[in-house]
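Protein chains in written order, with our numbering: chain A, 1 to 481; chain B, 482 to 962; chain C, 963 to 1411; chain D, 1412 to 1860.
Everything labelled a hint here was simulated from the structure, so no lab data went into it.
Please note that a few of the clues may not be correct.
Okay, the calculated beta carbon distance ranges per label pair [stated by the list, open to error]:
id: 1; chain 1: A; residue 1: L441; chain 2: D; residue 2: R1427; range: 15 to 21 angstroms
id: 2; chain 1: D; residue 1: E1424; chain 2: C; residue 2: R1339; range: 48 to 54 angstroms
id: 3; chain 1: B; residue 1: P932; chain 2: A; residue 2: P23; range: 55 to 61 angstroms
id: 4; chain 1: A; residue 1: G481; chain 2: B; residue 2: K865; range: 43 to 49 angstroms
id: 5; chain 1: C; residue 1: A1358; chain 2: B; residue 2: P795; range: 21 to 27 angstroms
id: 6; chain 1: C; residue 1: E999; chain 2: D; residue 2: S1600; range: 53 to 59 angstroms
id: 7; chain 1: B; residue 1: G496; chain 2: A; residue 2: E452; range: 41 to 47 angstroms
id: 8; chain 1: C; residue 1: R978; chain 2: B; residue 2: K865; range: 51 to 57 angstroms
Away from chain D, derived, C-beta distances all over 10 angstroms, residues of chain A [claimed, not checked]:
id: 9; residue: G34
id: 10; residue: L106
id: 11; residue: D195
id: 12; residue: K197
id: 13; residue: R201
id: 14; residue: E206
id: 15; residue: H233
id: 16; residue: K301
id: 17; residue: K361
id: 18; residue: K389
id: 19; residue: G390
id: 20; residue: I415
id: 21; residue: R442
id: 22; residue: E452
id: 23; residue: L453
id: 24; residue: A461
Straight-line C-alpha distance at most 30 angstroms; calculated DSBU-like pairs for lysine-lysine [to be verified]:
id: 25; chain 1: B; residue 1: K851; chain 2: B; residue 2: K668
id: 26; chain 1: A; residue 1: K370; chain 2: D; residue 2: K1433
id: 27; chain 1: A; residue 1: K88; chain 2: D; residue 2: K1472
id: 28; chain 1: B; residue 1: K937; chain 2: A; residue 2: K456
id: 29; chain 1: A; residue 1: K160; chain 2: D; residue 2: K1734
By construction, the Cβ of each residue, glycine as well, lies at the ideal position given by its N, Cα and C atoms.
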Amino acid sequence: MSRREPLVFEISGPGKKAFSLPPLDVPENRELLGSIQPREEIPGFPEISEPEVVRHFTRLSQTNFCVDTSFYPLGSCTMKYNPKVNEKVASLPGFLLSHPQAPVDLVQGNLELIKKLEELLCVVTGMSHFTLLPAAGAHGELTGMMIIRAALTRRGNPRKIVLIPDSAHGTNPSSAHICGYQVREIKSNEAGTIDLKDLERMMTEEVAALMVTNPNTLGIFEKDIHRVAEIVHDRGGLLYMDGANMNALIGKFRPGDHGVDVLHLNLHKTFATPHGGGGPGAGPVGVTSELEPFLPIPVIKREAGKLVLDENRPLSIGRVRSFYGNFLVVVKALAYILTLGAEGLKEVAEIAVLNANYIRKSLEGVYHLKYTSPSLHECVFSDKRQREKGVQNIDIAKRLIDYGLHPPTMSFPLIVHGALMIEPTETESKAELDAFIDAMLRIAREAEENPELLKKAPHRAYVRRLDETAAARNPVLRWKG
Amino acid sequence: MSRREPLVFEISGPGKKAFSLPPLDVPENRELLGSIQPREEIPGFPEISEPEVVRHFTRLSQTNFCVDTSFYPLGSCTMKYNPKVNEKVASLPGFLLSHPQAPVDLVQGNLELIKKLEELLCVVTGMSHFTLLPAAGAHGELTGMMIIRAALTRRGNPRKIVLIPDSAHGTNPSSAHICGYQVREIKSNEAGTIDLKDLERMMTEEVAALMVTNPNTLGIFEKDIHRVAEIVHDRGGLLYMDGANMNALIGKFRPGDHGVDVLHLNLHKTFATPHGGGGPGAGPVGVTSELEPFLPIPVIKREAGKLVLDENRPLSIGRVRSFYGNFLVVVKALAYILTLGAEGLKEVAEIAVLNANYIRKSLEGVYHLKYTSPSLHECVFSDKRQREKGVQNIDIAKRLIDYGLHPPTMSFPLIVHGALMIEPTETESKAELDAFIDAMLRIAREAEENPELLKKAPHRAYVRRLDETAAARNPVLRWKG
Amino acid sequence: MAYIPLSPADIEEMLRRIGVEKIDDLFGCLPEEIRWEGPLELPPPLTEPELVRYFEGLSAKNTYQQYASFLGAGAYQHFIPAVVDYLSSRGEFLTPYTPYQPEVSQGTLQIIFEYQTLICQLTGLDIANASLYEGATAAAEAVLMAERIKPRPRILVARSLHPQYRQVINTYIRNLQLELEEVAFDAESGRIDLDDLKKKISEDVAAFVFQSPNFFGAVEEPAEAVSLVHAKGGLAVAVIAEAVSLGLLPPPGSYGADIACGEGQSFGLPLSFGGPYLGFMACREEFLRQLPGRIAGQTKDAEGRTGYVLTLSTREQHIRREKATSNICTNQAWCALRAAIFLETLGPQGLREMAYQNLQKANYGLERLTSIPGVRRRFVGPIFNEFVVRLEKPVAEIGNKLIKSGLIAGYPLEKDYPELKDCLLVCITETHSKEIIDRLVQAVEEVFS
Amino acid sequence: MAYIPLSPADIEEMLRRIGVEKIDDLFGCLPEEIRWEGPLELPPPLTEPELVRYFEGLSAKNTYQQYASFLGAGAYQHFIPAVVDYLSSRGEFLTPYTPYQPEVSQGTLQIIFEYQTLICQLTGLDIANASLYEGATAAAEAVLMAERIKPRPRILVARSLHPQYRQVINTYIRNLQLELEEVAFDAESGRIDLDDLKKKISEDVAAFVFQSPNFFGAVEEPAEAVSLVHAKGGLAVAVIAEAVSLGLLPPPGSYGADIACGEGQSFGLPLSFGGPYLGFMACREEFLRQLPGRIAGQTKDAEGRTGYVLTLSTREQHIRREKATSNICTNQAWCALRAAIFLETLGPQGLREMAYQNLQKANYGLERLTSIPGVRRRFVGPIFNEFVVRLEKPVAEIGNKLIKSGLIAGYPLEKDYPELKDCLLVCITETHSKEIIDRLVQAVEEVFS
Ligand SMILES: Cc1ncc(COP(=O)(O)O)c(C=O)c1O
Ligand SMILES: Cc1ncc(COP(=O)(O)O)c(C=O)c1O
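Generate coordinates for the entire structure from the input sequences, incorporating the hints supplied.
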């Protein structure tokens, strides 16, 4: 009986409107477009009033789970609290209104801000230089791999292959591929980490780089990172680290100190910028000083007491996007670091790891844990036990919705069949964790006693379970009226 | 199973915090309070973190129905759409940051703004002067009645009695009473309006004023307003009009042209300022030029090219609140009038009346309509038919909740037993009206077929029906831990 | 028009259903003679870009915000955490009305319940209401309430109560056969003159109303005054105009106040040229039935779960009409919401720290200023975040000179207290950095040298 | 710390449950040798008031916003209705992630579906994705997509395509054995030089990429160019850098574009120093399986009710890994939300009117400016809201003088087009009043007199 919000196109009515401009204040000239026929109408484009706009989006908004309302333990995504003061400072008029093509003299505040965050990220990671241009993690990977390719090309040979552990996020192989590399998978060992022997075997002169995620997507620290770097470097390769999981390590481990040549961070994870329903984020890339010449343009530098844009960099990989990155995201991340300081950031890692281990300990024995190495910021269970009753990870996930909880990540790591990758982050209270644990334990019992209940879940959401197969089979990708 | 948000006191944990100030930057002196013992603690005061603050209030917010999400036909309250740009202009720093004790030279923008709205309200209502000081409708009534009393006192006799129709809102008699008057009720006639004969009879030399609401709370126009004014004036009384229902009349009828001596408006009704979950509002009072000397202080006047505050007004009733009224509400109301202009305001009244009549026509015959005079902006049905099945207005109201609709007003007018006072306003679409009509028709059928369903409603709200009797019998008015 | 969601076709169809030809037919009930036919003489409508420009223009005509200001006198500049704006601007808080229908208003109601509890905790009293208009009318309501409890003809108010509050009380009671009398302040300390109180208190006094910190910023120690009042069977009404002081100073309950009321603006409401602000009121449990305004209470739903409702409405105008405890209907709920967010964000440590910094900084400023020859402290005794200085040059002249240096030094007391015509009321809060205080000191020094 | 909701007691209890003594024990998996032990050398933490002050300081260091600016060149100042900020700032939109779990993300998903439809309607193409990073990477993705559809070694780009877009395409393809070649612009009209295109087009060209209105503001009539490309079996990729133009100019679908992509910043995103912006992409239905990025689709739930999901994810990296159509994961969903609110608020009339005013005002400015001796129109033919003028004095000198009068006259073309070193690109939108345009004209006049 609960009413469903129609599509805007179904609310539309000819003649309704929500917006007007002031009357044109220059003499009108009806012959400006020459032989070009201006379009007479935009078929189907919706016409609604302002109250309808507001209701439409407000109602739709309420059907979303989000960090502001719900525990959101989506593994690998670091769904932490997004501080509200950061939104406020990112809306200051000097930032919002400044044009990316403005003369640099008039936007020194912006350049100082970007430079500042670059410097602080160097401090945090031990890398020697950062670029804040990439729009997201994957974009950072691409940028980073391009830097590696450019550096190796400069050394004489870009090489052909990139090694990537089988536990890696899908963007890693995809980014390497767009950069012109073939991808070879390294199998994880029983501890869930890189098998050094395998690495030694595969790390040939053909291999440009190893892309390692640390802690990896199982939440396990690649403790041999030092040795890994040695092997890669010995064979003339470079070491790329996917820093998407830095929330576990911040203030505890600086990749730049331990042989990592290129690193990307996700500001929308570790540095608390909001995920926006899928973006925008930012994926800054840090490099060693050796790789600095290859950074994308523009690079901000200080010259005669002011900040300028350096685009004249012959070794640069070139431009990876227009303008200066997702600037407002950068503002928020800087605000976050300045608020937390050194102690605060370390506390982030500590509590993130505490929370994950609290969950792990509370669910171990009830859910199957394929890799039992110590967990850092997340733990990856599987549905192995529940599958005996025909219950899969997706059923558990959908049942969590009935308890008002966002499900964990299930799409990876691919090496855990039926994965439930749980990352609570440090911004969850014990009460929230306990509610989640409690729900998971109940669900495990329900899986025993009433598996159908789970397979039909969710029962109490805005919609019942949606048919994703049908969606892909008969794609309806736009309203057609 | 849906989780309920605990009280903040239940989330509290010693040592958690959401806010810090910068360190004290002046030399500390520990002996400043002399013999006064600073309080050591505030027993029970909650300690929570910022993520918890945000979740707490966001979750709670979602349990509210509101104009931004729901049709809200609460009669007599004019729950129209609150334009968002008005919120924006009311947050401009020049308004938000200005101190009420600032030297007038430094706040000329504010004074101009207030003056402007005073003038425009005069245009809209035909009154000769306005004060924007009152904080709400009832405060306006009190102010207005004080003005009447002061004027009559000046004429020689404040008199003793105020006449008020039995259909009036409860604030009318209450305000008159606080102003030192006895209240006498005038019975409504069969048309639902003031009985002129009765008025003639009751309008003695003892009577200070008649408080009339027009259109009255039945949504019916007091068409004899002219004659009413004559009668009151002939006997030396003054005519007060409660303008809470001006949404029906704006651009169609100006009270000041027809014998009304004092009028209050509700900016939070007719002029679209948000209701804020119960306030703030503003209840400006308009008066004839004869009554101008009695307006409360301060009065803004122009003097040597600038605006100043006149507090030296010997006949004034005095000060009715601190400072200059609910200033930000005034900003929003001015924005509304300037956006709509003359044509827009008239359209407001027209569509408000159209919408109400559309509902009336669609429900007539199914719900009982005690007064069949033409409706303006609202129509008042009753539960008379449904009561035969034991179903009362409250059951209908609670059932509407199950359909995602806010119930109408039920607490008055007292002359309609089991009232359902429905005011759709002009900002509802036909689709919203149809959904409401449809629900009301279904509920009428449900009342026939399954009265228990209604008596147990709501079934799908955040809570089931709440026990108001128990609340009043054993008042628990604060958390005690 | 942007705010009307009906298309011409919708209107046609609706008119058809109603059975009239045109909208004007629906106004047939307005006799032609009295119908307004012409267009209203209003300015032509503004589009959104024009509207924004117009108000930006007005906002910019205010220059106050460009000054470093030391104004208090009933409205206080405090820091407001970003979450207060973020949360309170949600449509679910801005656009519902009074929670008459509790099942669809649990958010509003639970927050009122929390707010009432916070006010009780802060004031040290038993119960609180959901809000009143602002401080001055709250004080007036307290007087009316006291008189209902103790129907006696005289009301005493301290002369150190905010002058506007005194005026409002006077406006409210002058039609009610009540007599208002002022109790002097002690010329040396600025506090309640106990001798004067002793003289004036009697068994026909319904209530004694005083403010602490008082209008001069002096922190009262009201226990003795309260005893005097109680001894004659009257009620003690404590007014708090600077609510942040409750984070540090003894609560009204601790010194025996029967009713505490005042202004909650300091709890997360911007200065906003004086409104909307937040009237609050708390009292002892036994006076519950005389408390004005809305009250939220806890109850159970049909399934036994806890929920909240407006309660005890038999006190209110919509039930009791002329016999109600107040005529208030629309109150300041959204301001109370902001106060609740503010207080829950600050917590006991944050509120205390804020109050403590006010105390420290104001005293620092007081000490520095009064070390300038020509500037003297007017009253002895503890202050909170305001204090009175006596200037050896005309206050207006000094004020004008400082304004030229971008400073508003304070509130001149002459208008309200002719006897203090050479005095200035200076307010310093946690928002004033040492640097800005020093700037004031230096500027005053210059004026006096 | 404000963002951590655990009390010391909570931590104790949790450690006990885990069975370790202290938090540090949980980091045992980090070998001691590689653990960072010291504190990070970061500035001391700022409290909220300090943080706000710090950023206010940085914001104030930007002075750009004090100028009347005629900059466009890929980023456009348009009016943004208040509802866009109001609605998009809701936590329910800001703080969820990609809607992997559709049952708790119907809001996000339905809005993406609406957004995709709006983009299809505006571009006149069949399908659209949920967003890409911004205009330049969208163009690069379009090139990669075209090459997957037509695996051929050469890519042609119009020299009148935004210089930064050309550079980004170059960065993306240089590791992929693809060759990039520029197609000249006609020296007179600034449009695509069809002769040059004819010379360069061949059967080994995968795609021809052009922009309309192009970087010089000239409105292309691309039908002929598109035919030339199609005749050789290549794909025509239309780039739109100024999305508001779609409200008035013929949509890419109407002139045969196979893929349309570009920058959606004009749809409700503030200038923000260049980001976050909104890459959009639409194409013909047959290319669906090669489209990069997320796509929302309609489906049914278990009770047969309509709902929305992310679909066709077999194109994407999390399923296909190195064989995916793109590596994109996090996109610009929130920017697409803002675009959807913006477009639904403007509606067809509003968007058309906005575009129309851009056209009229820019042409008014063009005419007025070029009536000044020393200022000449560089290209003939219709423009939208940007145009190029040739100045008879050095561009930098003129620019510096105007800046002193508070004006930023436009974007000097020399850096990107040495052949246009005496030229300035001027942008005028609906946000420029006649008065401000006239002020520019007058200032330029003064400089030239
Ligand atoms: C481990 C890991 N690497 C890379 C990415 C890609 O980052 P983005 O989505 O910002 O492109 C993700 C994102 O979920 C991730 O979890
Ligand atoms: C007819 C009428 N008069 C007066 C009032 C009182 O106005 P307020 O609530 O603003 O005090 C109301 C409020 O609902 C009303 O409907």
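Each hint tested on the structure:
In this structure, L441 (chain A) and R1427 (chain D) meet the distance hint of 15 to 21 angstroms, their C-beta atoms being roughly 19 angstroms apart. For the pair E1424 (chain D) and R1339 (chain C), the supplied restraint of 48 to 54 angstroms holds, since their beta-carbon distance comes to about 53 angstroms. At roughly 58 angstroms, the beta carbons of P932 (chain B) and P23 (chain A) sit within the given window of 55 to 61 angstroms. Between G481 (chain A) and K865 (chain B) the beta carbons are some 45 angstroms apart, a value that agrees with the proposed interval 43 to 49 angstroms.
A hinted range of 21 to 27 angstroms for the beta carbons of A1358 (chain C) and P795 (chain B) is consistent with their spacing of about 25 angstroms. For E999 (chain C) and S1600 (chain D), the hinted distance range of 53 to 59 angstroms is satisfied, since their beta carbons lie about 57 angstroms from each other. For the pair G496 (chain B) and E452 (chain A), the beta carbons lie near 45 angstroms from each other, so the given range of 41 to 47 angstroms is met. Between R978 (chain C) and K865 (chain B) the CB atoms are about 29 angstroms apart, so this pair departs from the stated range of 51 to 57 angstroms.
Remark: the non-interface label on G34 (chain A) conflicts with the geometry, its nearest Cβ contact in chain D lying 5 angstroms away (cut-off 10 angstroms). At roughly 4 angstroms from the closest C-beta of chain D, the C-beta of L106 (chain A) falls inside 10 angstroms, breaking its exclusion from the interface. Residue placement check: D195 (chain A) keeps its beta carbon more than 10 angstroms from all beta carbons of chain D (closest about 17 angstroms). With a least beta-carbon separation of about 19 angstroms from chain D, K197 (chain A) lies farther than 10 angstroms from that chain, consistent with its non-interface assignment.
Every beta carbon of chain D lies more than 10 angstroms from that of R201 (chain A), the smallest distance being close to 21 angstroms; the non-interface claim holds. Under the 10 angstroms C-beta cut-off, the non-interface status given to E206 (chain A) relative to chain D holds; the minimum distance is some 16 angstroms. Separation of H233 (chain A) from chain D is adequate, the least Cβ-Cβ distance of about 16 angstroms exceeding the 10 angstroms criterion. Every C-beta of chain D lies more than 10 angstroms from that of K301 (chain A), the closest at about 17 angstroms, which supports listing it as non-interface.
Taking the minimum C-beta to C-beta distance to chain D, about 5 angstroms, the non-interface status of K361 (chain A) is violated against the 10 angstroms cut. Consistency note on K389 (chain A): stated as away from chain D, and its beta-carbon is indeed over 10 angstroms from all of that chain's, at 20 angstroms minimum. Distance check on G390 (chain A): its Cβ is at least 17 angstroms (rounded) from any Cβ of chain D, clearing the 10 angstroms threshold; non-interface status holds. Separation of I415 (chain A) from chain D is adequate, the least Cβ-Cβ distance of about 13 angstroms exceeding the 10 angstroms criterion.
With a closest Cβ-Cβ approach of about 18 angstroms to chain D, R442 (chain A) is found to remain outside the 10 angstroms limit, as its non-interface label requires. At the 10 angstroms boundary, the C-beta of E452 (chain A) stays outside the reach of chain D, the nearest C-beta of that chain being 12 angstroms off. With 10 angstroms as the threshold on Cβ separation, the claim that L453 (chain A) sits away from chain D holds: the shortest Cβ distance comes to roughly 13 angstroms. The beta carbon of A461 (chain A) is not kept farther than 10 angstroms from every beta carbon of chain D, the shortest such distance being approximately 4 angstroms.
Taking the CA atoms of K851 (chain B) and K668 (chain B), the gap is about 15 angstroms. The hint holds against a cut of 30 angstroms. For the hint linking K370 (chain A) to K1433 (chain D), the alpha-carbon distance of about 26 angstroms falls within 30 angstroms, and the restraint holds. Under the criterion of a C-alpha separation no larger than 30 angstroms, the hint pairing K88 (chain A) with K1472 (chain D) is consistent with the structure, at around 17 angstroms. Proposed proximity of K937 (chain B) and K456 (chain A) is supported: the alpha carbons are some 28 angstroms apart, at most 30 angstroms.
Pair hint K160 (chain A) plus K1734 (chain D) holds up; C-alpha atoms about 16 angstroms apart against a cutoff of 30 angstroms.
This entry does not satisfy hints 8, 9, 10, 17, 24, going by the numbered hints stated previously.
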